[in-house]
Amino acid sequence: MDYVLSTKDLCKHYKGFKALNGLTMHVPKGSIYGFVGKNGAGKTTLIRLICGLQHPTSGEFTLYDVKHTDSTISKSRRRMGAVVETPSIYPDMTAAENLRQQYRILGLPGFDGIEELLQLVGLDSTDQKKAKNFSLGMRQRLGIAVALCGNPDFLVLDEPINGLDPQGIVEIRELILKLNREKKITVLISSHILDELSRLATHYGFIDKGRMVREISAQELDAACRKCMRLTVSDTAALTRVLDTLGYEYTIIDDAHADVYAKPNITQLTLALAKENCEVLSVEEHDESLESFYISLMGGKGHD
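First residue of the sequence shown: 0, per numbering that gives the first Met the number 0; consecutive thereafter.
These are computed hints drawn from the structure, not numbers from a lab. Where is the CB? At the ideal position from N, CA and C, for every residue including glycine. Heads up, some of the hints might be wrong.
Said to hold, decoys possible - With a cut-off of at most 20 Å between alpha-carbon atoms, the simulated PhoX-like pairs for lysine-lysine come out as follows: (1) K17 with K208; (2) K208 with K14; (3) K7 with K17; (4) K74 with K28; (5) K28 with K182; (6) K226 with K262; (7) K17 with K37; (8) K28 with K66.
To be verified - Cβ pair distances, simulated, as ranges: (9) A222 with I265: 21 to 29 Å; (10) D152 with S288: 27 to 35 Å; (11) T85 with Y13: 19 to 27 Å; (12) E173 with E96: 22 to 30 Å.
Produce the complete structure using the sequences and hints provided.
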């Protein structure tokens, strides 16, 4: 598999505090990689390192197979756009003026593509409205447009939906999906808003205290969080006997509840249980959420 970004035993220490403590991760080309961890886990530190804003204490990372110590790493970084913490925009400029300024900073020869960028992020109708008068969602989309100047094929977003209202969250989600699917841009998203991330990510990396706890694809996660029928019954011992006879895979949760990993014929199941003097009190579809998977992965600890 081709990786846009990979790290090996990456460490960053600040006066005894280990922000990154041997982080090893792999971001596949073409993926939307959800970088998951509570506040302070090391997500932003990693982003600062790969953007060249800070230097690792030890370990290494590669961008497009170029090591961070290589003299050509700056060329690899030109293929990357990033929004770190807050969008880097000029509040007294319009959206178009912000993009023109970024073109100048990058040394691009002209302003071709600015109108297309504004259309892409849905800001083509803002005209002379200054960025300081934009909504939070509009400023976030402008920040992404600035990051896209120079046509990068790797986009790094640090908590892109923090503080957004529901409409703003939907707009950012649709924009990220569009960039990934239509423009073939690999996206790394750091976030602790897991429900929204589950609508986007193709791959996940779960980080805690500066270390990678687990990397997993969305497909593997779906299998780990597979759907089931949760039964509430009067006697799980009787339920066990019936489910064994019927050949269903199941997990007994407690004296009253069990998860059945199939869609059983409810009439057949109810009749079989009635013969065992067991009542079915309720049946509901159930699946483990990304959030509950994350909490169980971290040993029951919540996230901020």
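Verification of the hints:
no., hint, in the structure
1, K17 with K208, "8 Å, holds"
2, K208 with K14, "16 Å, holds"
3, K7 with K17, "16 Å, holds"
4, K74 with K28, "17 Å, holds"
5, K28 with K182, "13 Å, holds"
6, K226 with K262, "10 Å, holds"
7, K17 with K37, "15 Å, holds"
8, K28 with K66, "17 Å, holds"
9, A222 with I265: 21 to 29 Å, "25 Å, holds"
10, D152 with S288: 27 to 35 Å, "32 Å, holds"
11, T85 with Y13: 19 to 27 Å, "21 Å, holds"
12, E173 with E96: 22 to 30 Å, "25 Å, holds"
Violated hints are absent here; each numbered hint is respected by the structure.
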